[in-house]
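Asker: Letter by letter, the chains look like this.
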Amino acid sequence: MSQGNVLLSIRDLTISYGNIMAVKGISFDVYEGEIVTLIGANGAGKSSTLRGVSGLIPYKGVITFQGQDMKSIPADKIVAMGIAQVPEGRGIFGNLTVLENLKLATWSRKDKHEFPKDYQRVFDIFPRLSERQGQLGGTLSGGEQQMLAVGRALMSRGKMMLLDEPSMGLAPVLVREIFSVLREINQAGTTILLVEQNANMALRIASRGYVLETGVIAHTGTGQKLLGDPRVKEAYLGG
Amino acid sequence: MSKESSDNGNWKNWLSRQWAKIVTNRKLLPVLLVIGLLLSFAIPQFGLLNQYIVLILIYVGINIILSTSLNLVNGYMGEFSVGHAGFMAVGAYISAILTTKIIPDSLAPWLFPLVVFAGGTGAALIGLMVAIPSFKTRGDYLAIVTLAFLMIVKSLIENIEVIGGPRGIPGITRLTTLPWTFIWVVIAVWVIRNFVYSKFGRGVLSIREDEIASDLMSVNSRQVKMLTFVISSFFAGVAGALFAHILQFISPRVFDIIKSTDILIMVYLGGIGSIAGSILGALIFTILLEVLRPLGMWRMVLMPLVLVVLMIYRPRGIMGLREFRWFVPGYDLIATNLWRKKKEAKDVSTS
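As they're listed, the protein sequences go chains A and B. Numbering (this note's numbering) for the first sequence: 1 to 239. Numbering (this note's numbering) for the second sequence: 1 to 351.
Next comes chain A alone, as it looks inside the complex:
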């Protein structure tokens, strides 16, 4: 795809939980305008990598965003720098309404006059959220919660969006809907780093993919190439 500037660069990223090394010195780049996906089995280190980028866990190695080193920057500042987040398990606030959930994501934004435009964009993409505005987040269905999670990430207006397993626990039709929205968001100019177990769906929309196996990058290539790769096919796409 269009190879712009390097937006996110990861060098020798190592993440350990006590004695267990979850990520063993991986390096990769995400260019502006891309959809990059990390796929792999449970415990391959996908989510840990994402958590490192989000600033939620300490890591060894270097992560830079737009050339700026992100070591020891707290998670909330990283979001404010322009990395929007769709956390694992959605992280919807059940005691806040849909609208309040969306509002919360604008916390560190100063451009108040732009908010209505962004609400409108979110409601255009997910009309269902507009209907449910006054409803508490906890009363939404799984699919609606995932829409809200993506909507919230849009409200924080990042240059880049990190998604951790957006397909988790969703019916196939909803997964397709979410993924087509992701492609739309990407075409509107947001770079996406997507962690997925649903390798098939993820690789179909991805410009490039990385296959993680027990903390190291096992295969890499364009989405199309990985979809056709027999080794990937056997291990992650169900033969």
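There may be inaccurate statements among the hints.
Stretch-level coverage of chain A by chain B, calculated; a stretch enters the list once three of its residues show a Cβ under 8 Å from a Cβ in chain B [what the hints assert, rightly or not]:
(1) 27-37
(2) 99-106
Here are some of the chain A residues that sit facing chain B, going by a computed Cβ distance under 8 Å [said to hold, decoys possible]:
(3) 68
(4) 72
(5) 73
(6) 75
(7) 76
(8) 79
(9) 80
(10) 85
(11) 157
Quick list of the computed label-pair ranges, beta carbon to beta carbon [claimed, not checked]:
(12) B:80 <-> A:19: 32 to 38 Å
(13) B:78 <-> A:197: 29 to 35 Å
(14) A:173 <-> B:287: 54 to 60 Å
(15) B:39 <-> A:111: 45 to 51 Å
(16) B:257 <-> A:218: 54 to 60 Å
(17) B:249 <-> A:89: 50 to 56 Å
(18) A:89 <-> B:295: 47 to 53 Å
FYI, nobody ran anything at the bench for these hints, they're computed from the structure. The beta carbon of each residue, even a glycine, is placed where N, CA and C say it ideally should be.
Keeping the supplied structure of chain A fixed, place chain B upon it in accordance with the hints.
Answerer: For chain B alone, coordinates are given in the frame of chain A:
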């Protein structure tokens, strides 16, 4: 016969509709506030109620300030502070020292609001000092830190001779009147209600739910926690100042863990995460304590029993997470309307 009953039904319907109109009419609020203020002046002035009941009303007011402010930390934010009596003590001592030692008696009634404000500010500063180390870590540390804080405050006061040591400060002028209590209650409820429904309030609620997710929404959780704690301690200090000037005598023993427990009971009785609940909790608790006074020591057995029964049948308290309509701001529907208009326009143009 049937016509009569249907008329009766209509009439009841009409009444309930009118009632709903009154209850949801926000314009009525200033009117009620003015009536309340006038009443608070008139009652002591013309002796409409006896002294004892006026005293109880003042205690209810002070307890409302205490419970709403503690609810901010324990209910809305989901942390657990047991140090409220300590902040009360700070406010009480600062204000009592000001009125007994520094401000001349003739000026004291005029400067009383400032004195109360000073008590609150002192408590807020101490609150900030407690908040800085406590919120460096996550989890249940606040309960332990505030417990330690309460003990430190108590033993500090006991050991400073200038402010009376364990004997306390006697002979404080009775400056807390019903109008002042009313005004401070309104200020406290108004500030806390506006805080809860502000951007920061949303942050507070999100932290209770899931702190990591709230960080990922760019919420500066440390800042939010500190601000919440400082506001909460400010009003504890205000309540302490009012308390000192109605009791007319304060000593370290007044502000012990039992006092903190009382406030906790009010909060959990009324319901966490609800201003209306805190008001109800304070009202019921204060009145119940007075009604049960003839039982002597037994009321200290009965109150916890009431709490246990309540926790079994209504674990979230009386109002738990619900709110009076008046406290909830009108829904911000600008964005919706914008969207709807655009969609309608689109539908018309496509059809």
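Asker: Provide an ascending list of the numbers of those earlier hints which the structure does not satisfy.
Answerer: Numbers 1, 3, 4, 5, 11 - these are the hints that the structure violates, sorted from lowest upward.
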